[in-house]
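Novice: Single-letter residue listing:
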Amino acid sequence: MDFPPTSQCEPARLRAVHKRHGVVTALAGLDLALAPGRLLALLGPNGAGKTTAIAILLGLQQPDGGEARVFGQAPGTAAVRRQIGVMLQRAGIPDALKVRELLDLTRSYYPAPRSVTDCVAMAGLGGLLERRYGQLSGGQQRRVQFALAICGRPRLLFLDEPTTGLDIEARHTLWKAIRELVAGGCAVLLTTHYLEEAEALADRVSVIDRGRVIAEGSVAEVRARVAQRRIRCLTALPAEIVAGWPQVRGVRQDGGRLEIVADLAEPVVRRLLAGDADLAELEVARAGLAEAFLGLTRQAREQEAA
Amino acid sequence: MDAATAGARTPLRAYLLEARYEFLRLLRTPSFSLPTLLFPALFYLLFGVLLGSHRGGHVAARYFLATYGVFGVMGVALFGFGASVALDREGGLLALKRALPMPPAAYLLAKTAMAMIFATAVSVLLAAIAAGLAGVSLSPWQWMALLATNVLGVLPFAAIGLWLGGIVGAQGAPAVINLIYLPMAFLSGLWVPLGMLPPTLASLAQLWPAYHLAAIALRIVGQDTGQPWGPHLAVLAIVTVAFGLLAWRRLARPA
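Residue numbers (the working numbering), protein chains in the order written: chain V, 1 to 306; chain G, 1001 to 1255.
If you are wondering where the hints come from, they were derived from the structure by calculation, not from laboratory data. Please read these numbers as outputs of a predicted model, since none were measured by experiment. Careful, some of the hints might be misleading.
Covered stretches of chain V, as calculated for chain G (at least 3 residues, CB under 8 Å) [said to hold, decoys possible]:
#1 49-61
#2 81-92
#3 106-117
A partial selection of chain V residues facing chain G, derived with a Cβ cut-off under 10 Å [stated by the list, open to error]:
#4 A74
#5 A78
#6 A96
#7 L97
#8 E101
#9 V120
#10 L129
#11 R131
#12 R132
#13 Q145
#14 F158
#15 E161
#16 A300
Cβ atoms here follow ideal geometry from the backbone N, Cα and C, with glycine treated the same way.
Let the sequences and hints guide you as you build the complete structure.
Specialist: This is how it looks when you write it as structure tokens:
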């Protein structure tokens, strides 16, 4: 076999991957690439194909078309699996085993595992080692799953919604550990519902919807793809009227307050000020990743419908 | 080169830990460990020793030593595989283990080892009651052969359990397993000797693997059915392979 040394290979790549589950198309030509020492955040609504993409890279599902490669090889081989760490949404970890036992067992799968002390420190598991998994809170269980994902010193880490159910402090502990891993050269694929998580951690963001990428780039680039501004003000102008103005994408009324999403802020602000001399508390902001992401999803659907 | 040498290394420690923790996991699950360990001993004490002592005495104590051993082995294997595989499959543990670099056979070997250890414990409990309370005396060879029968008897029922675990959901698994376990135990003459069943039911006993395992155990304790070993062993081997293959096809399919 003529594989190049795995250290020089790309950690993971999907090329035009298709996958159907019965009549449902889960992936419709998904492209995705991970680089060492980089974190890619996969964003998208539920059912967009995030979990299927991870299952294919783990070798748990076979693509119907296209190509999946992990360290230059087919996903799921023993040599590949020894280099990855996984945190899935549903882990089904046995309730009756203690945290120390779970770590012990998972570490034994890997050739050069991290020490238990390091795992405890990175995942914030102090004082939990002798507790049974089933006795832990949801957030503590999530931290145990993170420790199991990193205990093998993986060079490629899959984190499927890792911080769901965590309080802010625990989330920041995990973010710090993820940053350390990335700084140490680990490639990370992260899916999340928390957009601030992607903004805090991601080098690149892939927004996917209905099985394909609809936007890709740095967090700033993806946000810039939707140049929308969010305008807030107190005004007597009725929302129905403002909604008909050019550039206006959407209007939400909350008491006397209007929230307007517009492609371009200046002409809308000019009309607002001209139309209502008593207008107050004017605020203009660039749309956050949340709005950008919703905007992109909607644009993609509109284009398809047109 | 590194990957090649790492691949050739036998991860013995992973196999041992997998088995150890599978055993601990089920031992710490009272809904599994209490009935599987205690019911055979309890039933044997009641029906084989206390009730049996009135009439028949040693004959009944020997008969039920063999059949409650088989009853215990069935429970350990059917529940230890069926219910836990259903849970692992539904909960996502099976998928996680497949994604992790767990040695490929460790999952099944661990469950097999766990079931064999439980089967040994059941056998030792029954033997203690038989020798200590019921006055059953067997040669050392007979005791060892009975233990070996029970330990290896795990295999056909493990295969059936594995197949069930691939089909039923975690919630329904115990009920479905009991629907197979209890009628099969009764119809195979484990609770009541076949001669006391209606002849039509007794003639069906040949169909159940538990009957064939019990026939071997009964022959060892000297309650000969007069049949040769070969057909019993053949049926058990066929059941093991057939259900093992069915389970393999079912579980190897990507979720």
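Novice: Evaluate each hint against the coordinates.
Specialist: Each hint, compared with the structure:
Counting residues of the region 49-61 of chain V whose CB falls under 8 Å from any CB of chain G gives 5; the rule of at least 3 is met. With 9 residues bearing a CB less than 8 Å from a CB of chain G, the region 81-92 of chain V meets the requirement of three and the coverage assertion stands. Restraint check on the region 106-117 of chain V versus chain G: 5 residues with Cβ-Cβ distances below 8 Å, three needed, restraint holds. Look at A74 of chain V: its Cβ only gets to about 14 Å from chain G, farther than 10 Å, so that hint breaks.
Taking 10 Å as the C-beta cut-off, the interface hint given for A78 of chain V holds, the closest approach to chain G being about 6 Å. Interface restraint check for A96 of chain V: the shortest CB-CB distance to chain G comes to about 4 Å, inside 10 Å, so the restraint holds. The beta carbon of L97 of chain V is positioned within 10 Å of a beta carbon in chain G (closest approach about 6 Å), and the interface hint is therefore held. A least Cβ separation of about 6 Å between E101 of chain V and chain G falls short of the 10 Å threshold, and the interface hint therefore holds.
Checking V120 of chain V against chain G: minimum C-beta separation of about 19 Å lies over 10 Å; hint violated. Taking 10 Å as the C-beta cut-off, the interface hint given for L129 of chain V is violated, the closest approach to chain G being about 15 Å. With its C-beta approaching chain G no nearer than about 13 Å, R131 of chain V sits outside the 10 Å limit, and its interface hint is violated. At about 8 Å, the closest approach between the beta carbon of R132 of chain V and any beta carbon in chain G falls short of 10 Å, and the interface hint on this residue holds.
Here the hint on Q145 of chain V is kept, as its CB sits about 9 Å from the closest CB of chain G, short of 10 Å. Given the 10 Å rule on beta carbons, the hint for F158 of chain V holds: about 8 Å separates it from the nearest Cβ of chain G. Given the 10 Å rule on beta carbons, the hint for E161 of chain V is violated: about 13 Å separates it from the nearest Cβ of chain G. Contact between A300 of chain V and chain G, as hinted, is not supported at the beta carbon level, the nearest pair being about 29 Å apart and thus beyond 10 Å.
Checked against the numbered hints above, the structure violates hints 4, 9, 10, 11, 15, 16; every other hint is satisfied.
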